[in-house]
Amino acid sequence: MDPHTTWRALADAGLVNGEMPVAAASPTPWYLRALVGVAAWIAAVFVLSSMGALVYRVFDNAMLSIATGAILCAIATMLMRGARDGGLFLGQFGLAIAISGETLLALGVFTAAGPRHGVGWLVIAVAEIVLLFIIRDRTHRVIAAFFAAGAVYAGALDFGPLVLLPSLAAAAFAVTALNADRSAASHALLQPASAGIALALLLFAPAAIILEDTHRQVQLAIGIGDTLRALLAAVFVVTVAVLLRRARVNRGEMTAAMMAALILAAATWPVPGLLAALVVVVVGFAMQRHALIGTGLVSGVAMLGWYYFSLETTLMIKSLSLMAAGAILLATGWLLSRAAPSTAGARNA
Amino acid sequence: MSDTREWLFDWNARGMLATRDLPRALTLVGANPGHDAWRRFLRVLATGAGTALLAVGVIFFIAFNWHDLPQMVKFGLVEAAIVVAIAACLMRGVDSIAGIAALCAAALLTGGLLALVGQVYQTGADTFELFALWALAILPWAVAGRQAPLWLIWLAIVNIAVQAWFLRWGMRAFARGDGVLWALFLVNAAALVAWEVLRASGVREFGGQWSLRIVAFASGIAATMLGFVALVFTGESRALGAIAWLAWLAAVWLAFRVRRVDVFVLAGALLSVVVIVAGFLGRNFFASGAFFAPLLVAAVIIALAGGGAVMLKRLAQEVR
Chain A
0 MDPHTTWRAL
10 ADAGLVNGEM
20 PVAAASPTPW
30 YLRALVGVAA
40 WIAAVFVLSS
50 MGALVYRVFD
60 NAMLSIATGA
70 ILCAIATMLM
80 RGARDGGLFL
90 GQFGLAIAIS
100 GETLLALGVF
110 TAAGPRHGVG
120 WLVIAVAEIV
130 LLFIIRDRTH
140 RVIAAFFAAG
150 AVYAGALDFG
160 PLVLLPSLAA
170 AAFAVTALNA
180 DRSAASHALL
190 QPASAGIALA
200 LLLFAPAAII
210 LEDTHRQVQL
220 AIGIGDTLRA
230 LLAAVFVVTV
240 AVLLRRARVN
250 RGEMTAAMMA
260 ALILAAATWP
270 VPGLLAALVV
280 VVVGFAMQRH
290 ALIGTGLVSG
300 VAMLGWYYFS
310 LETTLMIKSL
320 SLMAAGAILL
330 ATGWLLSRAA
340 PSTAGARNA
Chain B
0 MSDTREWLFD
10 WNARGMLATR
20 DLPRALTLVG
30 ANPGHDAWRR
40 FLRVLATGAG
50 TALLAVGVIF
60 FIAFNWHDLP
70 QMVKFGLVEA
80 AIVVAIAACL
90 MRGVDSIAGI
100 AALCAAALLT
110 GGLLALVGQV
120 YQTGADTFEL
130 FALWALAILP
140 WAVAGRQAPL
150 WLIWLAIVNI
160 AVQAWFLRWG
170 MRAFARGDGV
180 LWALFLVNAA
190 ALVAWEVLRA
200 SGVREFGGQW
210 SLRIVAFASG
220 IAATMLGFVA
230 LVFTGESRAL
240 GAIAWLAWLA
250 AVWLAFRVRR
260 VDVFVLAGAL
270 LSVVVIVAGF
280 LGRNFFASGA
290 FFAPLLVAAV
300 IIALAGGGAV
310 MLKRLAQEVR
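Chains A and B, in that order, give the protein sequences. Here the first sequence is numbered in numbering that gives the first Met the number 0, starting from 0 and rising by one per residue. Here the second sequence is numbered in numbering that gives the first Met the number 0, starting from 0 and rising by one per residue.
Same shape as in the complex, but just chain B (with noise of 0.2 Å):
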């Protein structure tokens, strides 16, 4: 929602706008999108929907497990339609909308390859090995391609395969058990860290502000699970994964405050803040049986994230 509009609607509200002309003035402003706007928003979504059900749809038709249908054809149905995606690509530049969307399907196509390898041959491989495999084999792609839309593919990649390894192999063999929540803000944390490091340097796909956001996001869940099964679950049995925490806090604090502003993900990490206390002083407060403990933890977290939101919704103001 833009402030644009929020104006009109205030001078609307105090009379200063008929509400007759209001659609008009919506227009003008530019509140509302135009022909143009519309029609690039729905060749962008046309040809993303597009190319992403397709390369679903192929996905499918593979998982579907054809008997009939001889091995190598299986193969050659995959192998082709990554080849007309990369030449798709090619052919309408990999920074055209089409070339992108192309880029994303063939990496997701390689997914559908390598599970095919594994139905086949019956490789005996798992599924870490899938994805594993799977994140390796598009790298390259991701470097030439140069897209932040298939570098948030391969991160997402990334995290199932990091998953599917201690599903399978590490539930135990790393920090005492919650070795997957170190592992996932590992994973995320240091991709945080490598994208704003590039979008500082001006590296071109690293530039767009909600990739950035997403990936914050991501590492945002992690941190904050990390945290809370540290300070809520076990207490100071896992002092380390309040510290990792802690850390994370202190790292976006200086990123998205002090080195820029980045009021969304400061908003997130306020909201890690949130959870964390709640969590923390509810199972110390309730041990307490008192009744007023529970509106002290209210108050604590109605001041907390009240408070943060007034000083985060003035500095949004403050860079506007």
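Bound conformation, chain A alone (with noise of 0.2 Å):
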């Protein structure tokens, strides 16, 4: 649909009025913004070297560190400001000198936060949300939102509720992402906050599950693994519960579609990432985002392939709970099969 057939349909509709204003700058496929985010991470490798042979002692001085660190996000902010236009370039130029900022900062104030760990990665995360904040760039929000949710978790490294993660960052991501679309304001801030938010819970999710594992037989009681997988499942079902309201559907098939969720949730109850990246795959999908269907899709294969090399469980007990599973998403995907295709099917999803 072009933005002239576009602007026709709402009008017709009563949505909006009069002609149809100069169309903005088509938005940046998801793939060179990837390109640009990368390029920029190498980019701040080198400026930070830089910094290291020009500004004496930065990385060993606390306050320097912070200082420059500040200096260089304030630079980043205003160049940032002049590319708000989807100018890749100026962006591309800010957001190396934006990582290498924030990764100064990082490094002064866990240097000055010495030996509690906790509370300099607790910092941090506060630190990169409010980056996240003020730096409009889209993809500079993605990093930053995957970096305060880094922080968390490497700060709950030390406090102790690791276990509650992955089930804060499915909720964070889920409400970030379903809520991204109230309006302009809302879409520029929490659209790529939920991207970075969902890499983090795909990648930190499975590692505080294998952490807790190991924690586990350490030093944790027996359980909290268990619990872990209850808050998750509880997420996953939540998710669903939403997106089936927001999906209008009738009483009859809201009974069976969340039958099936917890049935799901049970069966994977031995592979707890396999919900994380589920919850991403149904939201990426609400949200029409296909780099995140994707990447939720890699996440769940890969948390499949940690699952045969976990030693929580015997092989026989991996492979019943995989069957039991596999054969409950096969009875959902006959049953969807049999269902006549809807009359209104451009009914609300």
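One thing to keep in mind: the hints can contain errors.
Unchecked claim - So the derived label-pair ranges between C-beta atoms look like this:
(1) Ala17(B) with Thr313(A): 56 to 62 Å
(2) Leu314(B) with Thr313(A): 37 to 43 Å
(3) Thr26(B) with Val237(A): 18 to 24 Å
(4) Arg256(B) with Trp40(A): 23 to 29 Å
(5) Val192(B) with Ile70(A): 36 to 42 Å
(6) Arg256(B) with Ala301(A): 30 to 36 Å
(7) Gln118(B) with Met253(A): 43 to 49 Å
Don't read these hints as lab results, they were simulated from the structure. We put the beta carbon where it would ideally sit given N, CA and C, even for glycine.
Assembly of the complex is requested from the two constituent chains, each provided in isolation within its own frame, with the hints serving as guidance.
What follows is the structure, encoded as structure tokens:
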């Protein structure tokens, strides 16, 4: 659908009036933003190397690191304000400076925190959240959200509630992604933030689960892994319920879908990373974000690979749980194929 | 993220579309999935994931290495699962979602069967032989089934077989130790060429955009690793690797810029250039010891990636 057809459709429905405005610049495809982001990371390594040579003791002195990092972040903010209308070149430059500044900031905070690593990580997380609001570049927002979630995860290693993180990250992702369509302002902030949280979730949820297994064997009470699984399952089921409500399905469909979600959550109990991936996949589809769907699917396959080598249970239990989950999904697929296509195809989802 | 969504948010930001009307507008122009789109998506997801989990579950079951289970029962179980999968494929039709999933499951289970042979008879076969035989065994299904997912599974198995061969036998046998990089490069580059030629010839199963992009991604990773080793780690002593990487870049340019346009593949090639140029300049400039040398490298990276991304965005708008 081109912009003129879209405008006409909205005008016919009485949602807009008058002539269509001059079209804004087309959005940058996600893979070009990913290219810019990865290149900015590489460039930031070289910028940091120069800083090390240029500013004496910038990596050793906490205050100097923080001050230099803050100056670089301020420069990046100004550069990216100038690049707001999709200016990829200036945005790329600003992004490299921002990543360098944030790394120096984090280094300074971490050095100042000394042995209180957890506090240091939480301060870094807060700083990243502030930068998420201040620097309005979309790629930077993905990176800042990813950094913030990563810092919370690292901080939790010190404080102990590691068990909560995958479910908290999954809930944060679902909430930010599903609220991104409320207005242009929330879209600009929450759409990239949710992508950063999703990346952190898919990377850190498996890591948290693996670490939790290790911790459980050495110091934590037995049963904590089950808490993690229960919380993640709860987030998955609630997300499905919210999506069904948004889709305005009838009571019968709602009951059947909720039953399937509950059984699936139970069947995938031993592989909780799968549920995290499923949350990303279904929310990604609801928001028509194909990169998220692909990332979720790849992460799900990776979780299955990890599950094979996990020492937490026997291959027999693993086999039975996978076959049970597979059978439930196949039955769901079969039931869906039996259902007649909706006559109200345009109904909201 | 579709352009349509972006237009609606742009009009909302300019005050031309009320915030309260956004949800209705998104649905009206088809930017949110409707009832039928959801049903189809969930059906594909449930059938695909369900079949994969079931097949992987059977493989885990075999890997459990039951001592109490007679050998014939073990073989019978896996063979029965393969027969059921093939029967399901034939019954539902090889072009249906269920048919494709069943055929892929049969292909995965074949690997389980071969692993079982090795487990029961202790044939002494190494990992390479398992994966090579597996690839050979499912090749007829890939040819007859004519499904892109099955070809991708086949290519993944070939990649693992190649790596396994070099890990076992070939580390020093070919191209002074980086033989595995050469082999992966040649396999994936050949796959990309074949995929693109077959797509251009109108062969149905190679017509999908994303399956080709996955193969291009694999080929790009292999080419970049080869070029990186040649240009960054060892300089001119492995010039052949650098020539191969440049040839890959030229081929990608010809195929995906001159003959037709695929911005995703071109973006991957640009990232490959950025990575190798950064490594090459970094290696040589760091040796100079000048504080501004890394800044120069950063500037080159930003110019390459930023400038390249601007050009690719324009290209994407032209072909849209």
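Here is how each hint holds up against the structure:
{"no.": "1", "hint": "Ala17(B) with Thr313(A): 56 to 62 Å", "result": "59 Å, holds"}
{"no.": "2", "hint": "Leu314(B) with Thr313(A): 37 to 43 Å", "result": "54 Å, violated"}
{"no.": "3", "hint": "Thr26(B) with Val237(A): 18 to 24 Å", "result": "23 Å, holds"}
{"no.": "4", "hint": "Arg256(B) with Trp40(A): 23 to 29 Å", "result": "26 Å, holds"}
{"no.": "5", "hint": "Val192(B) with Ile70(A): 36 to 42 Å", "result": "50 Å, violated"}
{"no.": "6", "hint": "Arg256(B) with Ala301(A): 30 to 36 Å", "result": "33 Å, holds"}
{"no.": "7", "hint": "Gln118(B) with Met253(A): 43 to 49 Å", "result": "46 Å, holds"}
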